[in-house]
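Chemist: Residue numbers (this note's numbering): 1 to 162.
Since the hints were made in silico from the structure, they are not lab data.
Check each hint, because a few of them may be wrong.
What the hints assert, rightly or not - Dumping the calculated EDC-like pairs for lysine to aspartate or glutamate here, alpha-carbon to alpha-carbon at most 20 Å:
hint: 1; residue 1: Lys-131; residue 2: Asp-61
hint: 2; residue 1: Lys-131; residue 2: Glu-52
hint: 3; residue 1: Lys-53; residue 2: Glu-148
hint: 4; residue 1: Lys-131; residue 2: Glu-78
hint: 5; residue 1: Lys-131; residue 2: Glu-25
hint: 6; residue 1: Lys-131; residue 2: Glu-69
hint: 7; residue 1: Lys-53; residue 2: Glu-87
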Amino acid sequence: LKTKKLTPPMKATPHCNKHGYSLVEVIISMFVLVTVITGVLASVGLQVNLSEKTRNQALADFHLRSEVERLRSMPWAEIEQIVTNAEANRELGQVGQAQPLQTLSVSDLASAGLRAETQARLLSSSGESGKAIFRISLFWGESDAYEESRVFVVSQGGLSAN
């Protein structure tokens, strides 16, 4: 009888690289990680800017609504005085400068980061008088980048619609 020489079984080769990750794999992983983190930070920054703009717009809307209601409830003699002052400012070339509102002073507006501009005129067409048109604008942001405005008519006999 012949005896067969038994050989030990072959060892399995490991599937992972004993030397670790290659430089290319590390660089690609870092690039992907940095891209994801940059995208997240950019979206957070954009969200903060949008919420700040929305907050300022809501604040401006609130002040404009209160100003409109205040002007609509004033006696006609005071309305005429406001229109006269606005026309005098326009003739002096002061349109665009900070002006107080009836509800807020220039310093109150400045502390809120707002600037107001009021334009007013008496309307008279076909013999009809006793109406004044107002355009009130609030500006905010660097170089007055954002604006919220209201245009409305006040009549001597009472309130009128926008």
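Chemist: Of all the hints numbered above, which does this structure not satisfy? Sort the numbers upward.
Modeler: 1, 2, 5 and 7
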